[in-house]
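Under our numbering, read the sequence shown as residues -8 to 71, first letter to last.
Keep in mind the hints are simulated off the structure, nothing from the lab. Glycine included, C-beta positions come from ideal geometry on N, C-alpha and C. Possibly wrong hints are sitting among the right ones.
Distance ranges between label pairs, derived from CB positions [said to hold, decoys possible]:
| no. | residue 1 | residue 2 | range |
| --- | --- | --- | --- |
| 1 | 3 | 54 | 16 to 26 Å |
| 2 | 4 | 49 | 12 to 22 Å |
| 3 | -6 | 55 | 18 to 28 Å |
| 4 | 62 | 13 | 38 to 48 Å |
| 5 | 58 | -4 | 12 to 22 Å |
| 6 | 23 | 49 | 17 to 27 Å |
| 7 | 43 | -5 | 14 to 24 Å |
| 8 | -5 | 51 | 27 to 37 Å |
| 9 | 51 | 4 | 15 to 25 Å |
| 10 | 35 | 55 | 11 to 21 Å |
| 11 | 56 | 7 | 12 to 22 Å |
| 12 | 11 | 61 | 30 to 40 Å |
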Amino acid sequence: QVSAERVSQVRRIVAAHLRHWSLDLHVRPVCRALDELLTNVHRHVGDGNSCVLELRWTGRHVTVSVADNSARMPRLLPAG
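Modelling step: build the complete structure from the supplied sequences, incorporating the hints.
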């Protein structure tokens, strides 16, 4: 479930996984991107809706993806 409180919990969990994989230098940029992804879900899909986060380390690349359960396609909003 996506909520403001859960975003910070998930960020700490992801940071712990990255440190476990000895990817300390990647904690800050990955968590910054994750904040943006989860905040977008929270803002555009709504409080209490679920999403799936995938964190993958191949030994060479880190991938973070977030998918929500909204049927609406994402759209670019004007700046401002």
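Verification of the hints:
no.	hint	verdict
1	3 to 54: 16 to 26 Å	19 Å, holds
2	4 to 49: 12 to 22 Å	20 Å, holds
3	-6 to 55: 18 to 28 Å	19 Å, holds
4	62 to 13: 38 to 48 Å	39 Å, holds
5	58 to -4: 12 to 22 Å	21 Å, holds
6	23 to 49: 17 to 27 Å	21 Å, holds
7	43 to -5: 14 to 24 Å	19 Å, holds
8	-5 to 51: 27 to 37 Å	34 Å, holds
9	51 to 4: 15 to 25 Å	22 Å, holds
10	35 to 55: 11 to 21 Å	18 Å, holds
11	56 to 7: 12 to 22 Å	19 Å, holds
12	11 to 61: 30 to 40 Å	31 Å, holds
Against the hints set out earlier in the document, no violation occurs for any number.
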